[in-house]
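Sequences are here, hints too, so could you generate the full structure?
Chain by chain, the residues run as shown.
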Amino acid sequence: MKFLTISTSLIFTLFLFSCNERKPIGRAADAKYLEDGSNRGLVNLDKINAQDFIRAANQLVVDLLASGSLSEAPNQPAILHVGEIRNDTQTYFDTDLLLQGMKRDLLASKKVRISTTAGPEGKISDSYADSVRKELGTGGDKQVSTPRPYFSLSGKIIEETSRVDKVTQKDFYFLLTLTELNGGTGVWFGRELITKQGRRGAIGF
Amino acid sequence: MKKITYSKSFFLSFLSLIFLLVGCAEKRKVGTISKKNPQDQTSHPEVKKVEFGGGLEKVLDVVEITQGKVDGDLLRIQVELKNNSSKQVNITHKLEWLDNEGFLVKDTSLGWRAQMIRPGESKMIESISTRPKVSAFRLKIQPAKNP
Chain A
283 MKFLTISTSL
293 IFTLFLFSCN
303 ERKPIGRAAD
313 AKYLEDGSNR
323 GLVNLDKINA
333 QDFIRAANQL
343 VVDLLASGSL
353 SEAPNQPAIL
363 HVGEIRNDTQ
373 TYFDTDLLLQ
383 GMKRDLLASK
393 KVRISTTAGP
403 EGKISDSYAD
413 SVRKELGTGG
423 DKQVSTPRPY
433 FSLSGKIIEE
443 TSRVDKVTQK
453 DFYFLLTLTE
463 LNGGTGVWFG
473 RELITKQGRR
483 GAIGF
Chain B
2 MKKITYSKSF
12 FLSFLSLIFL
22 LVGCAEKRKV
32 GTISKKNPQD
42 QTSHPEVKKV
52 EFGGGLEKVL
62 DVVEITQGKV
72 DGDLLRIQVE
82 LKNNSSKQVN
92 ITHKLEWLDN
102 EGFLVKDTSL
112 GWRAQMIRPG
122 ESKMIESIST
132 RPKVSAFRLK
142 IQPAKNP
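Quick mapping for you: the protein sequence lines, in order, are chains A and B.
Under the numbering used here, the first residue of the first sequence is numbered 283, with each subsequent residue one higher.
Under the numbering used here, the first residue of the second sequence is numbered 2, with each subsequent residue one higher.
Any given hint could be a false lead.
To list a few chain B residues with every Cβ distance to chain A over 12 Å, as calculated [said to hold, decoys possible]:
{"id": "1", "residue": "Val48"}
{"id": "2", "residue": "Lys59"}
{"id": "3", "residue": "Asp62"}
{"id": "4", "residue": "Ser130"}
What follows is a set of in silico ranges between Cβ atoms, one per label pair, in the way DEER data are often shown [as the list claims (entries may be wrong)]:
{"id": "5", "chain 1": "A", "residue 1": "Asn464", "chain 2": "B", "residue 2": "Arg119", "range": "34 to 40 Å"}
{"id": "6", "chain 1": "A", "residue 1": "Gly350", "chain 2": "B", "residue 2": "Thr43", "range": "18 to 24 Å"}
{"id": "7", "chain 1": "A", "residue 1": "Asn464", "chain 2": "B", "residue 2": "Phe104", "range": "34 to 40 Å"}
{"id": "8", "chain 1": "B", "residue 1": "Val31", "chain 2": "A", "residue 2": "Leu324", "range": "17 to 23 Å"}
{"id": "9", "chain 1": "B", "residue 1": "Glu81", "chain 2": "A", "residue 2": "Asn464", "range": "39 to 45 Å"}
{"id": "10", "chain 1": "B", "residue 1": "Asp74", "chain 2": "A", "residue 2": "Asn464", "range": "23 to 29 Å"}
{"id": "11", "chain 1": "A", "residue 1": "Arg445", "chain 2": "B", "residue 2": "Asn85", "range": "32 to 38 Å"}
{"id": "12", "chain 1": "B", "residue 1": "Val64", "chain 2": "A", "residue 2": "Asp328", "range": "34 to 40 Å"}
{"id": "13", "chain 1": "B", "residue 1": "Gln116", "chain 2": "A", "residue 2": "Arg445", "range": "32 to 38 Å"}
{"id": "14", "chain 1": "B", "residue 1": "Arg139", "chain 2": "A", "residue 2": "Ile288", "range": "53 to 59 Å"}
{"id": "15", "chain 1": "B", "residue 1": "Asn85", "chain 2": "A", "residue 2": "Ser291", "range": "33 to 39 Å"}
Honestly, the hints are just simulated from the structure, not real lab data.
Note that beta-carbon positions come from the ideal geometry of N, C-alpha and C, so glycine has one too.
Right, dumping it as structure tokens:
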């Protein structure tokens, strides 16, 4: 009777485990996916994390829209040239991590159209589109319009470090300037500061 | 007699585990602030009843929602939160915009961000929708992990 009970339990346990998904053995097997902008992502003191780029992009777009500068252009929606954003921090990253989100939101707001053919070749602009347009333009194609950007957006990202005892503070400044090209003057000066303070990085916030 | 003691201790351990699990879930419960009527276009729309968790229900109050328009078509909102306790409150929040048809708008506001509110302090959470056809929002609030 006892043997029967043990055998039945063993077979049942084996059956349960065989239905279960296969997992790597060991404590470190805990990789998982996080949603975009999650509050469970890593928080590093020495670099700008994904959630920081999302927050900075959103705050800068909100500030730009609230300023009303874009609606001052005589022709709506105005054409915006997005220039270079200099990374003056200690870590390398592509500034498109900030700019792509901003461009998406600004375009969706229908307050601007964003030029992708104006600017230095290959870096900011689409060089293929630019060369095709030039060819068509010289060939006299009347469908090719050459609207000039009314605004230009440029800026830089700066990092500042301070330490007291074992506590480190990192300040990341996102500084953007919107220039009205006719007058050559700045019409909006955006500033978003992301400050992190602590002894070491954390998982989630 | 011994059997009863074992059963009791097993039952108590099981109950403790359930309480522990429920307690952990409650600690990071997300509270959502929104307009009672999503189509309400008044400057101070009525706030839908909020159910905060993780102890926030005892300390945090939604004072009011203010809304307006930027450039005539972009919804602008401001939510005033007040910390009624004598302790600092650390929260994380995320704003979701909903268009006229109730669909979620995917923009850069969909990211959690940290916020600290001092004892007795009121803080404004403000944003502008980046899409013209947005009429409603949901502000999600969760206790911060690292206070």
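Hints versus structure:
1. Val48: 22 Å, holds
2. Lys59: Per Cβ check, Lys59/B is outside 12 Å of chain A; nearest 22 Å; holds.
3. Asp62: 22 Å, holds
4. Ser130: 8 Å, violated
5. Asn464/A / Arg119/B: 34 to 40 Å: For Asn464/A and Arg119/B the Cβ distance comes to about 46 Å; the hint is violated.
6. Gly350/A / Thr43/B: 18 to 24 Å: Check passed, 23 Å falls within 18 to 24 Å.
7. Asn464/A / Phe104/B: 34 to 40 Å: Since the Cβ atoms of Asn464/A and Phe104/B sit about 39 Å apart, the hinted range of 34 to 40 Å holds.
8. Val31/B / Leu324/A: 17 to 23 Å: The hinted range 17 to 23 Å holds for Val31/B and Leu324/A, with Cβ atoms some 21 Å apart.
9. Glu81/B / Asn464/A: 39 to 45 Å: 40 Å, holds
10. Asp74/B / Asn464/A: 23 to 29 Å: Roughly 26 Å apart at Cβ, these two residues keep to the hinted range, so it holds.
11. Arg445/A / Asn85/B: 32 to 38 Å: Given range 32 to 38 Å: holds, Cβ gap about 36 Å.
12. Val64/B / Asp328/A: 34 to 40 Å: 38 Å, holds
13. Gln116/B / Arg445/A: 32 to 38 Å: About 25 Å separates the Cβ atoms of Gln116/B and Arg445/A, which means 32 to 38 Å is violated.
14. Arg139/B / Ile288/A: 53 to 59 Å: At roughly 55 Å between Cβ atoms, Ile288/A and Arg139/B fall inside 53 to 59 Å, so the hint holds.
15. Asn85/B / Ser291/A: 33 to 39 Å: 55 Å, violated
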